[in-house]
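Residue numbering for the sequence shown follows our numbering, starting at 11 and increasing by one per position.
Derived by calculation from the structure, the hints in this document are not laboratory data. Possibly wrong hints are sitting among the right ones.
Unchecked claim - Straight line, CA to CA, 35 Å or less: simulated DSBU-like cross-link-like pairs of lysine-lysine: (1) Lys71 / Lys98; (2) Lys175 / Lys198; (3) Lys71 / Lys84.
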Amino acid sequence: MIQIDDAIVALDVIEENFICDLSACQGECCVEGESGAPLENEEVEIIEKLLPAIWDDLSPKAQEVINAQGVAYKDRDGDMVTSIVNGKDCVFTYYDEKGICKCAIEKAHKEGKTDFYKPISCHLYPIRLEKFREFTAVNYHRWRICKAAVLLGNKEGLRIYQFLKEPLIRKFGNAWYNELCIAADEYKEMKKNGLTK
Numbered sequence: 011m012i013q014i015d016d017a018i019v020a021l022d023v024i025e026e027n028f029i030c031d032l033s034a035c036q037g038e039c040c041v042e043g044e045s046g047a048p049l050e051n052e053e054v055e056i057i058e059k060l061l062p063a064i065w066d067d068l069s070p071k072a073q074e075v076i077n078a079q080g081v082a083y084k085d086r087d088g089d090m091v092t093s094i095v096n097g098k099d100c101v102f103t104y105y106d107e108k109g110i111c112k113c114a115i116e117k118a119h120k121e122g123k124t125d126f127y128k129p130i131s132c133h134l135y136p137i138r139l140e141k142f143r144e145f146t147a148v149n150y151h152r153w154r155i156c157k158a159a160v161l162l163g164n165k166e167g168l169r170i171y172q173f174l175k176e177p178l179i180r181k182f183g184n185a186w187y188n189e190l191c192i193a194a195d196e197y198k199e200m201k202k203n204g205l206t207k
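With these hints in hand, go ahead and build the complete structure from the sequences.
Structure (structure tokens):
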């Protein structure tokens, strides 16, 4: 593990390769899973305010769910997550002309309708953050549906922390990310010289 400020980064974040391959997975991470995407408390309010900008892109069923229970709910662990449709799709999903599942919030951002990109947990995936009293754990979440992303990452030789540069800077800042890059380079050098376990 690598500690930078109050974040502890798992080594596989700097060792493993990953590049999302939407053409292969069809955006299944927005559909599969036991609950919606994790939300930070302030994100719930932001999403509620931007609803008019994305409303027409949402399915009638998603609109129905939002009208009934709101944009988010507490899951069984007591965490705030995005509302879901039929126990699967995130309410903010839509399908493009190729049948790929995408995020309506991200679409609105790209169209200049909101400055909010999308929930940070979605932007950071496959990294998952876990907050403890003294630190935040930065972990790689392995999921079978991301097999194509691992294959593409291996082919291109792009590490997880490199692929997720933008969201990591969004969450932790430029200085933090630069420290992570330095630590990753130092670790790689130590490994090459047989100085790691």
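Hints versus structure:
{"no.": "1", "hint": "Lys71 / Lys98", "result": "holds (12 Å)"}
{"no.": "2", "hint": "Lys175 / Lys198", "result": "holds (18 Å)"}
{"no.": "3", "hint": "Lys71 / Lys84", "result": "holds (20 Å)"}
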